[in-house]
Amino acid sequence: MTAVRQTWQVNLRYLRVLGRQPAYLGITLTQPIIWLLLFGALFKAVTEIPGFHGGSYVDFLTPGVVVMLAVSSAGWTGMSFIEDINAGVMDRVLVSPVWRGALNLGSVAYAMITIVIQTALIVLLALALGAHYANGVGGVLILILVAALLGAAFASLSNGIGMLARQRETLIGAVSLVLLPLTFLSSALMQQSLVPGWIRTVSKFNPVNWAVEAGRSAAMQKLDWGLVASRVGLLVVLVVLCAAFATRAFGTYQRSL
Amino acid sequence: MSNDFAIEATELVKTYPPDVRALDGLSLSVQPGTIFGLLGPNGAGKSTTVRILTTLSRPDSGGARVAGIDVLAEPVRIRHAIGVVAQKHGIDPEATGRENLVLQGEFYGITGGDLRRRVGEALERFALADAGDRQAKTYSGGMQRRLDLAMGLIHRPQVLFLDEPTTGLDPEARADLWHEIERLARDELMTILLTTHYLEEADRLASQLAIVDRGRIVVQGTPDALKSELEGDTIQVELVDAQDAAARLALAGVGGVGDAALDGRTLHARARDGAAAIPAVLAALDAHGVKAASVRLARPSLDDVYLRHAGRSFHRADAEHEAVAA
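Chains as they are written, first to last, in our numbering: chain A, 1006 to 1262; chain B, 4 to 329.
Rather than coming from a laboratory, the hints here were simulated on the basis of the structure. Any given hint could be a false lead.
Now the in silico label distances, taken between C-beta atoms and shown as ranges [said to hold, decoys possible]: (1) A:Leu-1246 x B:Leu-75: 43 to 51 Å; (2) B:Arg-61 x A:Leu-1246: 21 to 29 Å; (3) A:Pro-1201 x B:Ala-76: 53 to 61 Å; (4) B:Asp-63 x A:Gly-1143: 52 to 60 Å; (5) A:Leu-1134 x B:Gly-116: 47 to 55 Å; (6) A:Leu-1132 x B:Ala-76: 57 to 65 Å; (7) B:Ala-76 x A:Lys-1227: 55 to 63 Å; (8) B:Arg-299 x A:Leu-1262: 41 to 49 Å; (9) A:Leu-1246 x B:Arg-120: 35 to 43 Å; (10) A:Leu-1132 x B:Arg-119: 28 to 36 Å; (11) A:Arg-1010 x B:Asp-63: 46 to 54 Å; (12) A:Ala-1249 x B:Asp-7: 52 to 60 Å; (13) B:Ala-283 x A:Leu-1262: 47 to 55 Å.
Chain A side only, calculated, beta carbon under 7 Å to chain B, not exhaustive [claimed, not checked]: (14) Met-1006; (15) Thr-1007; (16) Gln-1014; (17) Glu-1053; (18) Gly-1093; (19) Ser-1101; (20) Pro-1102; (21) Val-1103.
In this text, all values refer to a predicted model and were calculated from it rather than measured experimentally. The beta carbon of each residue, even a glycine, is placed where N, CA and C say it ideally should be.
With the rest of the complex left out, here is chain A (with noise of 0.2 Å):
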């Protein structure tokens, strides 16, 4: 009961800052919007390679776009830590008997409601460039849910490492080494059938591949729930460990002090 509490406390810290100042979710959507308009254009003839069979190009990037939105955004979650151990908040949190699992999971929580907003926003826009989502509304809210599943993962991990690295370029390094490897080593640009063996064979690993199969499956195509399940499983495997991570990171952090 307290952890929920103080799990919904800190939430609340993180949703203030944004009802205060809410333009700033209209910044972090510039760039979606650019891979949606740019790749939309730039991939256009890709649905005429023999083997294709996505339907329009914008069918098949939406839920592409989804994921990758999900995991840059939650790749910047770790900053509200750096900036917290900057401050000396974080020394006084942890000072304080709260539980540190909440510390974390209010985090993830507030990351996991500003990227359903944003996917929503997207998946709007999407459908104004023509884009037809095959199972209606419940067929996107699967794949909203699937890309806040994956995005939770990453707030996690951005937290972790936030506390371990302290430092705003370690983060911005991260986020930038791991966004573009996962996301062309998945389907989300392009169809599993038409990349290179040894791609397919690594994006069953990835995570940002899972979330895109059963994206784009629950919104854009026949669905398949033998696919969505598992891969949503594997999807809620990913987020505990990776919570798990963050909050023994905690302890790392102070055992350094």
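Based on these hints, arrange chain B on the given structure of chain A.
Quick look at chain B alone, frame taken from chain A:
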């Protein structure tokens, strides 16, 4: 270890890689209901001591009890019993004063009407009632410090740790805070461990004082006892050149003058009757070819206590630390 002390630390050792020995066997004991001053220059080990006693960090060896609880064995129990106001204040600048206090209370498991009442009282008591719903980043330095203290007290701790609480405050805000700290010890019988590198702050607030240098306590006592240990007056002679050996040799021959020490170009010595000794001191220096630029007479201060026990002046120790850190 007995439970009679509010804070008891035994032989604390803490090293940081590669080979900085921040604490080198530091021991101290604090009586309940008193203000204990830990005085020392930057880098002496004060903050490291506070971090260990408040469960933020762990020593390499040694032990500590606070409010009768073992710091290393039961960190969670300790956290409920202590309040901490650290050197860097831990205020969320984006949140209002009230929001900061509420979150702090929730972290200690205080909720609902009880929390609302305590937050209201805290804002009132620390003269923040009007500013309570403004973001903390709009507060002045003094207001932020008061909010800081209010947050450290929201769960009514038995023992309060104040790490350099007045650093960076203007004189007025400092005087206010001194007042509040004295009140906490006097009216609420709180045990307070205060670190400072302001001699006058330690002199004014602390009933017991320990001087820390290079990770160890070099002397401990009441400020008055420490000062009266240095009987008589302090003579300070500003020399034209730093001539250590010659200056000391000169003073060795002057009756009633002792404890000569050179700190930079300033020669310190103590005399039973300073005014009477000055002519003899100047004559002796002159005879040994040591040129004096100016001479000053002072009542012994904690600065002199520090110089005597740490073997270097306070400001010099501070400067040396900064040179190493740079």
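Results of checking the hints against the structure:
1. A:Leu-1246 x B:Leu-75: 43 to 51 Å: violated, 30 Å
2. B:Arg-61 x A:Leu-1246: 21 to 29 Å: holds, 27 Å
3. A:Pro-1201 x B:Ala-76: 53 to 61 Å: Given range 53 to 61 Å: holds, Cβ gap about 57 Å.
4. B:Asp-63 x A:Gly-1143: 52 to 60 Å: Roughly 58 Å apart at Cβ, these two residues keep to the hinted range, so it holds.
5. A:Leu-1134 x B:Gly-116: 47 to 55 Å: Check passed, 52 Å falls within 47 to 55 Å.
6. A:Leu-1132 x B:Ala-76: 57 to 65 Å: holds, 60 Å
7. B:Ala-76 x A:Lys-1227: 55 to 63 Å: holds, 60 Å
8. B:Arg-299 x A:Leu-1262: 41 to 49 Å: holds, 42 Å
9. A:Leu-1246 x B:Arg-120: 35 to 43 Å: holds, 42 Å
10. A:Leu-1132 x B:Arg-119: 28 to 36 Å: violated, 45 Å
11. A:Arg-1010 x B:Asp-63: 46 to 54 Å: Cβ of A:Arg-1010 to Cβ of B:Asp-63: about 36 Å, so the range 46 to 54 Å is violated.
12. A:Ala-1249 x B:Asp-7: 52 to 60 Å: 42 Å Cβ-Cβ, so the 52 to 60 Å window is violated.
13. B:Ala-283 x A:Leu-1262: 47 to 55 Å: Holds - the Cβ-Cβ distance for B:Ala-283 and A:Leu-1262, about 53 Å, lies within 47 to 55 Å.
14. Met-1006: violated, 10 Å
15. Thr-1007: Holds. Min distance 6 Å.
16. Gln-1014: With Cβ-Cβ at 4 Å, under 7 Å, it holds.
17. Glu-1053: violated, 51 Å
18. Gly-1093: Holds, about 3 Å.
19. Ser-1101: holds, 4 Å
20. Pro-1102: It holds, given that the least Cβ distance between A:Pro-1102 and chain B is near 4 Å, below 7 Å.
21. Val-1103: holds, 4 Å
Against the hints set out earlier in the document, violations occur for numbers 1, 10, 11, 12, 14, 17.
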